[in-house]
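Enquirer: For the sequence shown, counting from 1, position 61 maps to 1022 in this note's numbering; every step adds exactly one.
If you're looking for bench data, these hints aren't it; they were derived computationally from the structure. Possibly wrong hints are sitting among the right ones.
[Unchecked claim] Between beta-carbon pairs, the in silico distance windows are:
#1 1072 to 1307: 41 to 47 Å
#2 1255 to 1115: 21 to 27 Å
#3 1165 to 1028: 41 to 47 Å
#4 970 to 1072: 32 to 38 Å
Think of the CB as a built atom: it goes at the ideal place given N, C-alpha and C, for glycine as much as any other residue.
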Amino acid sequence: MPKCLKCNQEVPVNEEGIAPIYCDACADRAISRAHRGVYTGTLRDFPVTSALMAINVAIFLAMAFTADSFKAAFMGFSGEELIRWGGNYGPLTLGGDYWRLLTACFVHGHIAHVALNMWCLLSLGRLSERYFGRWFTLLIYLLTGIGGSLLSIAYDPGRLSVGASGAIFGIAGAIIAGLKFGNLSIAAGERRSVLSSVISFAVLNFLLGAGYLGMTLNTDNMAHLGGFASGLLVGLPLATSITRSQTKNKIIQAAALGVITLLLGAGYYERASSAKYKNWMIYAAFSFEDKDYPAAIRVLEKGTAAEPGNAEAEAWLGDAYALNHQPEKAITAYKKALQLDPNLAEVQENLRHLQAAAPVSEKPSK
962 MPKCLKCNQE
972 VPVNEEGIAP
982 IYCDACADRA
992 ISRAHRGVYT
1002 GTLRDFPVTS
1012 ALMAINVAIF
1022 LAMAFTADSF
1032 KAAFMGFSGE
1042 ELIRWGGNYG
1052 PLTLGGDYWR
1062 LLTACFVHGH
1072 IAHVALNMWC
1082 LLSLGRLSER
1092 YFGRWFTLLI
1102 YLLTGIGGSL
1112 LSIAYDPGRL
1122 SVGASGAIFG
1132 IAGAIIAGLK
1142 FGNLSIAAGE
1152 RRSVLSSVIS
1162 FAVLNFLLGA
1172 GYLGMTLNTD
1182 NMAHLGGFAS
1192 GLLVGLPLAT
1202 SITRSQTKNK
1212 IIQAAALGVI
1222 TLLLGAGYYE
1232 RASSAKYKNW
1242 MIYAAFSFED
1252 KDYPAAIRVL
1262 EKGTAAEPGN
1272 AEAEAWLGDA
1282 YALNHQPEKA
1292 ITAYKKALQL
1302 DPNLAEVQEN
1312 LRHLQAAAPV
1322 SEKPSK
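Using the sequences and the accompanying hints, generate a full structural model.
Expert: What follows is the structure, encoded as structure tokens:
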């Protein structure tokens, strides 16, 4: 009877007369070693993952030390602080701050948020660098992070979204696509083990984010889904060798990433193009409901600059200034609104009240 090459124990022959080279115990140990080998090495061996983690942590520390209170790092930063540091807020992102699609991937709401994301990035980032290489791992993070941000604001334009989780799900999606459908040169046992682990990670976190595990979290599952779907698209061409020429394969892979980048850009352009008067007025209304008057002011300032003949928007801008304790600017906005539409009775009343309450030096001369 055939024997195991490792321990010399007899191994069974299957129905086709073929025997494995290792017994079950030795095969399990080999798979376990391969799995551990994926995670060996210092952070120096994975420079892109290390750099991405360092940037995320550095930004979080900068936010903590510049916040009104250091407690915010533990209790959660305010929406205003998150927006100021580059959070993905639909009214501003679709209003022209397209860079927020990317910067939001480096901003976190509190210490537990950044700690959990960095732990996940450490594990998945090292896998990605091992399978796809350094620079492609960086591109996966950036492109899938943008993909997650896009789906987030497409689904809920009034939501403020931050965090690296969209990009992390993107890395997970790329690894799954590469292992399942690509032709990466790795052992079959390692392929099965890693694929099972990453799929379990994705499914568990999707269920957790959707609230199916009995926990209510403020999770942006649409950002997770957008990043994951983008990762599936990115992972396959990166893990597939179409020709024997390594140079040609790199060119093909770069071209595929270029196409995906164009698709993401087209998605943003289409969504932003539809964010005209109706949409940004709705976004401003969201801000009023949340009593986030600075956000309402930013949206309305951009909106009125784009549509200077909109009397209603000027009136709303005056309201936002007044509620944000900026009476001089409110008076100016109300006057513009009345120039465009003299029949706005409520605006006339608000203007009279503000002018009556203004200091003597600021009251209009008769």
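Enquirer: Would you mind marking each hint as holding or not holding in the structure?
Expert: These are the hints, each one checked on the structure:
1. 1072 to 1307: 41 to 47 Å: holds (45 Å)
2. 1255 to 1115: 21 to 27 Å: holds (25 Å)
3. 1165 to 1028: 41 to 47 Å: Since the Cβ atoms of residue 1165 and residue 1028 sit about 32 Å apart, the hinted range of 41 to 47 Å is violated.
4. 970 to 1072: 32 to 38 Å: violated (51 Å)
Of the numbered hints listed earlier, those contradicted by the structure are 3, 4.
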